[in-house]
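With the sequence shown counted from 1, adding 46 to any position gets you my numbering.
Hints are computed from structural coordinates only; laboratory data are not their basis. Since we're looking at a predicted model, the values are computed, not measured. Here a beta-carbon is modelled for each residue, glycine too, at the ideal position from N, C-alpha and C. Any given hint could turn out to be false.
Claimed, not checked - The list that follows gives simulated cross-link-like pairs (lysine-lysine, DSSO-like), each with its CA atoms no further than 27 Å apart:
#1 Lys188 with Lys241
#2 Lys366 with Lys218
#3 Lys188 with Lys199
#4 Lys199 with Lys235
#5 Lys199 with Lys241
#6 Lys212 with Lys199
Unchecked claim - Ranges of calculated distance between the beta carbons of each label pair, as one might list FRET restraints:
#7 Ala120 with Leu197: 47 to 53 Å
#8 Ser135 with Gly101: 18 to 24 Å
#9 Ala144 with Gly181: 51 to 57 Å
#10 Gly204 with Asp278: 29 to 35 Å
#11 Arg229 with Lys188: 44 to 50 Å
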Amino acid sequence: MTPAQSGRKLATCSISTSHCDPEMIDAIYFDGCSTRRQPVTLVIHKRVVSVRGGGIHRSIRLSRLDISERLQHAPRILRFPEGDFLEISDPALDHMLAANRYRDPWVVRWQQNWPLSLLALIALLAVLAAGYRWGLPWAADKVAQHLPTSLEKSIGDGELTLIDRKYMTPSKLDTVDRERLQRLFAQLKQPRGEKTAYRVVFRHSEVGPNAFALPNGVIVMTDQLVLLAHDDQAVLGVLAHELGHVQRRHTLRGLLQTLGVGVVLNLFIGDVSSVLAAVPTFMLDQKYSRDFEREADQYAIDMLHANRVPLAPLAGLFEKMRDASEQQ
Numbered sequence: 047m048t049p050a051q052s053g054r055k056l057a058t059c060s061i062s063t064s065h066c067d068p069e070m071i072d073a074i075y076f077d078g079c080s081t082r083r084q085p086v087t088l089v090i091h092k093r094v095v096s097v098r099g100g101g102i103h104r105s106i107r108l109s110r111l112d113i114s115e116r117l118q119h120a121p122r123i124l125r126f127p128e129g130d131f132l133e134i135s136d137p138a139l140d141h142m143l144a145a146n147r148y149r150d151p152w153v154v155r156w157q158q159n160w161p162l163s164l165l166a167l168i169a170l171l172a173v174l175a176a177g178y179r180w181g182l183p184w185a186a187d188k189v190a191q192h193l194p195t196s197l198e199k200s201i202g203d204g205e206l207t208l209i210d211r212k213y214m215t216p217s218k219l220d221t222v223d224r225e226r227l228q229r230l231f232a233q234l235k236q237p238r239g240e241k242t243a244y245r246v247v248f249r250h251s252e253v254g255p256n257a258f259a260l261p262n263g264v265i266v267m268t269d270q271l272v273l274l275a276h277d278d279q280a281v282l283g284v285l286a287h288e289l290g291h292v293q294r295r296h297t298l299r300g301l302l303q304t305l306g307v308g309v310v311l312n313l314f315i316g317d318v319s320s321v322l323a324a325v326p327t328f329m330l331d332q333k334y335s336r337d338f339e340r341e342a343d344q345y346a347i348d349m350l351h352a353n354r355v356p357l358a359p360l361a362g363l364f365e366k367m368r369d370a371s372e373q374q
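Let the hints inform the model, and build the full structure from the sequences given.
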């Protein structure tokens, strides 16, 4: 195929004058205001881009153009500062740019370098994992410390109303039993002389034996858990565990972490609505981190020891709950 057949004029040199005519390639010019296509020719010489054809005569420094990255089958775009641009399909453009010492931005060079791209991906995953494991809990703790208690109360009240409407019904336990358990727990001293505010409520639910704490200090215990325990001391142990979550603000911190994950997902996939929709379920079926659970366990142990309540009934109840969970 000749240069004329390929639509390209190759660089020609004169031996007597040591002068080379620069290579010329075809391009399509768009004015940026309409879809009108104008065939033109493009020359790059001494880092100056010259465009000729159809009444168009433009010359501009190569450094002032915004040049799209090279893709396998897509044309490259050379965009002028005013918004008009050239569309070029000729692969000879790469050679012309290289001959004029043009280099793709470092991000593009990284993308085209598989070892570096793989290294960057591994580094990104490591940063995300570290952020999820340590950064997010740390940030949630700091934010929770500065949130007013009025906000915690508002969140907890709203979630309790929603849970009562969608997931739970009033307790079917005898009033005498409910009041006895509330009274017994109120008589227990909190560890280290703490005075964490709380309120114990009972609900009937098809979710089975369960207990959880809300940000406003409300501890919800299901009838099924009380019946499964069949022991006041075991129930007191569970309530002490949940009070540990209240005292350490685990529910609020866990909620902040869930929303933090949603923000990260929004950055990558642009949709956080599914995370926000899962907040009521998070309240009902909380899965605290191991650190949170260890802190709540230690709080319960300290509280039971301070009040001379044996731990064996609580341990037995946990065994029953584990067996009940495996049977579901």
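Outcome of the hint check:
Using a Cα cut-off of 27 Å, the hinted pair Lys188 and Lys241 holds, with the two alpha carbons roughly 22 Å apart. Restraint check for Lys366 and Lys218: satisfied, since their Cα atoms lie roughly 21 Å apart, inside the 27 Å limit. With a CA separation close to 18 Å, the supplied pair Lys188 and Lys199 stays within the 27 Å bound. The straight-line distance between the Cα atoms of Lys199 and Lys235 is roughly 24 Å, inside the 27 Å bound, and the hint therefore holds.
Only pairs whose Cα atoms come within 27 Å are accepted, and Lys199 paired with Lys241 is accepted, the gap being roughly 17 Å. Note on Lys212 and Lys199: the hinted pairing holds, with a Cα-Cα distance of about 20 Å set against a maximum of 27 Å. For the pair Ala120 and Leu197, the beta carbons lie near 50 Å from each other, so the given range of 47 to 53 Å is met. Separation of Ser135 from Gly101 is about 22 Å and conforms to the stated range, judged on CB atoms against 18 to 24 Å.
Checked against the hint of 51 to 57 Å, the pair Ala144 and Gly181 fails, with Cβ atoms roughly 42 Å apart. At about 32 Å, the beta-carbon gap between Gly204 and Asp278 stays in the expected band of 29 to 35 Å. For Arg229 and Lys188, the Cβ-Cβ distance of about 37 Å falls outside the hinted range of 44 to 50 Å, so the restraint is violated.
This entry does not satisfy hints 9 and 11, going by the numbered hints stated previously.
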